[in-house]
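Asker: My request is simple: use the sequences and hints to build the entire structure.
2 protein chains.
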Amino acid sequence: MRQDNRLPRVLHALLHLDGMKDPATSDQLAEMLNTNAAVVRRTMAGLRDQGILTSIKGHGGGWQLARPLDEITLAEIYKALGAPTLFALGCGDEDSQCLMEKAANTATARALEMASQTFIQVLSSVTMADLADDFELRMKELGLTPEDFAYEGTGQH
Amino acid sequence: MRQDNRLPRVLHALLHLDGMKDPATSDQLAEMLNTNAAVVRRTMAGLRDQGILTSIKGHGGGWQLARPLDEITLAEIYKALGAPTLFALGCGDEDSQCLMEKAANTATARALEMASQTFIQVLSSVTMADLADDFELRMKELGLTPEDFAYEGTGQH
DNA sequence: GAATCACGTAACATTAAAAGTTACATGATT
DNA sequence: AATCATGTAACTTTTAATGTTACGTGATTC
Numbered sequence: 039m040r041q042d043n044r045l046p047r048v049l050h051a052l053l054h055l056d057g058m059k060d061p062a063t064s065d066q067l068a069e070m071l072n073t074n075a076a077v078v079r080r081t082m083a084g085l086r087d088q089g090i091l092t093s094i095k096g097h098g099g100g101w102q103l104a105r106p107l108d109e110i111t112l113a114e115i116y117k118a119l120g121a122p123t124l125f126a127l128g129c130g131d132e133d134s135q136c137l138m139e140k141a142a143n144t145a146t147a148r149a150l151e152m153a154s155q156t157f158i159q160v161l162s163s164v165t166m167a168d169l170a171d172d173f174e175l176r177m178k179e180l181g182l183t184p185e186d187f188a189y190e191g192t193g194q195h
Numbered sequence: 039m040r041q042d043n044r045l046p047r048v049l050h051a052l053l054h055l056d057g058m059k060d061p062a063t064s065d066q067l068a069e070m071l072n073t074n075a076a077v078v079r080r081t082m083a084g085l086r087d088q089g090i091l092t093s094i095k096g097h098g099g100g101w102q103l104a105r106p107l108d109e110i111t112l113a114e115i116y117k118a119l120g121a122p123t124l125f126a127l128g129c130g131d132e133d134s135q136c137l138m139e140k141a142a143n144t145a146t147a148r149a150l151e152m153a154s155q156t157f158i159q160v161l162s163s164v165t166m167a168d169l170a171d172d173f174e175l176r177m178k179e180l181g182l183t184p185e186d187f188a189y190e191g192t193g194q195h
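From first to last, the protein sequence lines stand for chains A and B. Count along the first sequence starting at 1, add 38, and that's the number in my numbering. Count along the second sequence starting at 1, add 38, and that's the number in my numbering.
Treat the hints with care, since some could be wrong.
For identical chains, the list gives no copy identity; a pair is met inside one copy or between any two copies.
[As the list claims (entries may be wrong)] Simulated pairs of lysine to aspartate or glutamate, EDC-like, Cα-Cα distance not exceeding 16 Å:
1) LYS140 - GLU174
2) LYS117 - ASP42
3) LYS140 - ASP168
4) LYS95 - GLU69
5) LYS140 - ASP108
6) LYS140 - ASP172
7) LYS140 - ASP171
Derived by calculation from the structure, the hints in this document are not laboratory data.
Answerer: Dropping the structure here:
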């Protein structure tokens with residue numbers, strides 16, 4: 039299949055949302071993420087259901103953070119996305135009859151399982167606040183200020 | 039993309055090859071692996087180039103192990119396959135301009151990198167002989183003998 | 001209360017890479 | 001010389017994310 043970029047995309051979106059006082063519309067986020075509004079809604083739906091984001095309909099509506107960044111771990115976000123398939127590699131047919139195939143599949147599955155645990159463990163140890171810190175560091179390194187990253191919205195609602 | 043099952047498939051094939059004294063043709067292996075000969079040749083090409091397998095053309099030819107199983111680690115096999123993409127997850131655009139996107143991508147990439155290291159590490163710690171042992175254990179648990187797994191070839195060449 | 005805005009969602013097209021398939025060239029054996 | 005088996009190219013199929021379009025529903029504004 040195609041590569042699944044939902045996780046980094048959502049992380050990116052959340053960082054932008056943190057810097058805004060008004061809700062951001064799906065269209066605004068779509069522009070930031072170089073995609074379109076339907077993809078944004080579809081992707082963020084899980085985060086809303088999980089209580090990470092709030093969505094507001096109607097005039098002045100859009101997406102907002104439901105919690106401060108330091109109370110959101112990357113693992114929680116990954117889970118909110120439905121914990122999508124991590125690996126492009128498979129471990130063969132689940133219920134094969136051949137015992138040699140079973141040995142081969144089990145060995146592959148074990149390596150994948152260990153890797154998966156590492157992945158989740160790393161995600162669990164990082165919060166969105168850590169990403170915000172990383173962003174600020176990068177900004178200072180370039181001698182920029184937060185104003186350079188404020189979203190240029192219409193301000194009308 | 040579709041799932042990549044080359045690794046478990048090749049492991050399976052090597053276990054079968056270990057039990058045979060004559061070379062196995064691509065057609066024979068294809069039958070064991072539930073695929074066809076061209077896929078077998080394409081998949082095993084890397085293992086031949088890496089000196090794990092030998093391929094012999096012509097009458098009585100086919101595929102053979104080039105080394106004993108305890109001198110072949112799973113990591114070496116994975117590398118011989120070209121170290122195919124491990125993850126279905128991507129970490130976003132490599133050279134994005136947005137610093138927030140960079141922070142998001144970097145965090146994702148870090149988690150993937152750690153997971154990848156774990157994967158390789160586990161593969162490095164397992165040899166094909168370990169898989170053969172696992173197979174024998176499964177066989178004994180079912181009260182079967184090696185003869186039950188000998189390939190029923192034509193014997194003609 | 002009508003118009004507008006923005007999310008919610010369904011349906012369909014696009015995309016990318018492994019896997020499946022077919023065909024034929026090359027080399028080895030009989 | 002005929003046959004067997006690999007080597008390889010070209011093309012089709014498969015699968016799930018992504019892109020796209022369209023329309024329903026709820027909230028706000030005037």
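Asker: Work down the list of hints and note, for each, if the structure agrees.
Answerer: Do the hints match the structure? See the list:
1. LYS140 - GLU174: between (50 Å within a copy, 11 Å between copies)
2. LYS117 - ASP42: within (14 Å within a copy, 24 Å between copies)
3. LYS140 - ASP168: between (42 Å within a copy, 13 Å between copies)
4. LYS95 - GLU69: For LYS95 and GLU69, the Cα distance exceeds 16 Å both inside one copy (19 Å) and across copies (57 Å).
5. LYS140 - ASP108: neither (44 Å within a copy, 19 Å between copies)
6. LYS140 - ASP172: Between copies only: 9 Å across chains, 44 Å inside a chain, cut-off 16 Å.
7. LYS140 - ASP171: The answer is between: 12 Å across copies meets 16 Å, while 46 Å in one copy does not.
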